[in-house]
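When the letters of the sequence shown are read in order and numbered with the working numbering, they come out as residues 1 to 137.
Don't take every hint at face value.
Claimed, not checked - Distance windows between CB atoms, simulated:
| hint | residue 1 | residue 2 | range |
| --- | --- | --- | --- |
| 1 | V125 | Q12 | 18 to 24 angstroms |
| 2 | A74 | L114 | 45 to 51 angstroms |
| 3 | W47 | S81 | 42 to 48 angstroms |
| 4 | E73 | A25 | 15 to 21 angstroms |
Simulated from the structure, these hints should not be mistaken for lab results.
Beta carbons: idealized from backbone N, C-alpha and C, even for Gly.
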Amino acid sequence: EAKEVRAVGAIQGRVCSSYCAAVGAWLAGSILASLAVMQATRNGADWWLAQWSAAVATDPGHVTPAGAGAGTEAIQKAIASWSPADLLGVLAGIAAANALATLARSFLFAWGGLRAARVTHDSFVESLLSAPLSVWD
Numbered sequence: 001e002a003k004e005v006r007a008v009g010a011i012q013g014r015v016c017s018s019y020c021a022a023v024g025a026w027l028a029g030s031i032l033a034s035l036a037v038m039q040a041t042r043n044g045a046d047w048w049l050a051q052w053s054a055a056v057a058t059d060p061g062h063v064t065p066a067g068a069g070a071g072t073e074a075i076q077k078a079i080a081s082w083s084p085a086d087l088l089g090v091l092a093g094i095a096a097a098n099a100l101a102t103l104a105r106s107f108l109f110a111w112g113g114l115r116a117a118r119v120t121h122d123s124f125v126e127s128l129l130s131a132p133l134s135v136w137d
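The task is simple: from the sequences and hints, build the whole structure.
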């Protein structure tokens, strides 16, 4: 009677690499790229709002928002003359890019998971069908 072996600890590197291989290099890279674009557009929206807020602040003693530090005064001066519609248009563009990147990441992540599941399942089935008949006794 065979005793089942149980592993304890962290996931081994070979497990992660075999999962990435099952997903495929192109698809795994696309997932990571869409995740990076999604995060960059989210950070960009936060940065834009900080610049917009700092540019329209009328109180000379206002506190500069975090992330709107040195080197952004020229940007703040430039956008201070923009219309609210222009400022909102930039924010809407960044938000639209974020929505598209989020949609792409979601789709690619689901596709990668399904692909890895199919490849792993097919590999398991092939291993079972290739096993000697003594395994089934």
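Results of checking the hints against the structure:
1. V125 - Q12: 18 to 24 angstroms: With Cβ atoms ~23 angstroms apart, the hint holds.
2. A74 - L114: 45 to 51 angstroms: This hint holds: roughly 48 angstroms between Cβ atoms.
3. W47 - S81: 42 to 48 angstroms: violated (19 angstroms)
4. E73 - A25: 15 to 21 angstroms: violated (44 angstroms)
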